[in-house]
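Using the sequences and the hints, build the whole thing.
Residue numbers (my numbering), protein chains in the order written: chain A, 428 to 683; chain B, 1274 to 1571.
No false leads were slipped in.
Beyond 12 Å from chain A on every Cβ pair, some chain B residues (computed): (1) 1430; (2) 1434; (3) 1460; (4) 1468; (5) 1480; (6) 1524; (7) 1530; (8) 1533; (9) 1548; (10) 1564.
To give a feel for the contact side, a few chain B residues facing chain A, derived at Cβ under 8 Å: (11) 1327; (12) 1347; (13) 1348; (14) 1352; (15) 1356; (16) 1358; (17) 1359; (18) 1363; (19) 1374; (20) 1375; (21) 1376.
Only some residues are given here: those of chain B computed to face chain A with a beta carbon under 8 Å: (22) 1326; (23) 1360; (24) 1372.
Everything labelled a hint here was simulated from the structure, so no lab data went into it.
Cβ coordinates follow ideal geometry from the N, Cα and C atoms, glycine included.
Chain by chain, the residues run as shown.
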Amino acid sequence: MILKLMKKEWKELIKTGKIYALLFPFLFFSILSPVIAKFTPEIIKSLTSTQDMQGIIIKIPPPTWKDAFLQFFKNLNQIVFLVIAIVFLGSISEEKNKGTAAIMVTLGIDRKEWVIAKFLFQVLVVFSLIFLSYILCVYYTYFLFSEVGIYETIASTFLYLVYIFFILSLCIFSSSIGNNMLQSVGIFFAIFVLFTLFSIFPNLEPYNPLTLSSLQNQWIVKGVIWKDAIENISTVIIYSVILITLGIIYFEQQEL
Amino acid sequence: MNVIETYNLCKYYKEKRAVDNLNLGVPEGVIFGYLGPNGAGKTTTIRLLLNLAKPTSGYAVVLGENITKSRKYLKKVGFLPDVPNFYNYFTAREYLELLSEIIKVDKKRVDEVLEIVGLKSEKKRIGTFSRGMKQRLGIAQALLSDPQILILDEPASALDPQGRKEVLDLIASLRGEKTVFFSTHILSDVERICDRVGILKEGKLILNDTIDNLKKRFSKRILHIEVNNPQKLFEKLKKENWIESISFSDKNALLIRVKEIQRAQREIPRIIVEEDILIDRFEFLEPTLEDIFFEVIS
Ligand SMILES: Nc1ncnc2c1ncn2[C@@H]1O[C@H](COP(=O)(O)OP(=O)(O)OP(=O)(O)O)[C@@H](O)[C@H]1O
Ligand SMILES: [Mg+2]
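Structure (structure tokens):
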């Protein structure tokens, strides 16, 4: 049943055109990030040479593949993150709001399986897109810089996958609790902001999912140190499992 | 055997008693009309029966399963919500085919149910459907798994006269084969196809019986009398305490509701003779469901 439910989600993603809302940002930033990294210094240089800033000497080190991937993760963490949240935050709550969730559960579809199918589907889609973006970004980076650190980029992308896994479970949780898209958005950002506030306390770092983003950058710049991330990865996975479980339990009990 | 039974079923919203101590039994194979004015608690009862809402207290047994403990029975129940909504981006066929895969029903069944509700050649997306078309699709969906019980919340409310007749005929054709529990405001529909009715008022079941029994219970309490001088008879009768109400139904005729049928049978002819009135017609009327409905809810 879970597979068939996932197929329904897939067809819906295509029919509603939401697939493009996901696909384009991923494609766009995986290609654009290396390009931006390559040409930003040159653009700045050309600006300073044409205008009345000629006296000022700006020293910019020549960009490397590292800059390309720093750009890549910056964009994934900002814009793509937002797109994911917007596309998936209504997945349960809007079905509750419109009454389609009621129809599905009265057909005898197990509520638990219904939620799990949604989550697995979202993980599958987003992970595939991240995989695709990674390949593209590596390709263009190599094309522009003639070198790329495969090990570092794979390790950092892995951290990103863990992070997105957490974000998707937070989406499912918020969507299960909220009764419409707006409420879910509110719950989602409230929790997200809470974690952002946690970043103020350095000793909470290992327990904060957002630390994963800064680790990504560190690994790209300074090299991979797994020891730094183990604790963080485990806690983030535990958070995700808790969020999913709570989301399911809540949905099981809920009146539709 | 009852396929639906409720035991002191209650659903309270804050101070509002939407369903109050409901004890209802629906025998297998009957067409059950669930009646009541707006806000009586019909939809709430249906939502409780389908596990969409949780009872405040009490419970129900559907097809032998306690619905507060198990949800397996839902596979054997078809449901049409009062305001049906679907995934708008699909066509009716795509939608039902997807459902049939999920609930493991043969795809051929999709053609059958689309044929039944007259949407077979409809190629538009569901989002562009009119309310009536959505209601038809909802009925198709309820029939998809060939369930033992159909629970329909106002199945004909958005349909045109033709569509309403078709749906009622369809429900009538299921008699004996499936149990149909449907809520409605339209009394003539109930009278046409139902075996049993339950009347709900402010969350309480005030009546639950077969239509035949109801008619027997309430008949012979309405009298239609035609005389040459209705005014005189009217003046005489309106003082009597065994009369409930009396009105002119047309120029020469009186419509009289009586409390005690035997006194009416004895007294009215006596008054007519005493007052030297000429009688044209003296008839006990068969009450319509409408009469009964208004009598019990007032
Ligand atoms: N979720 C809810 N929260 C608060 N009150 C509710 C809720 N659902 C229903 N009610 C109240 O319960 C009562 C019964 O509502 P219900 O929808 O069951 O009536 P109904 O018989 O189906 O009416 P209609 O004929 O208009 O469809 C109403 O007074 C309604 O306001
Ligand atoms: Mg209703």
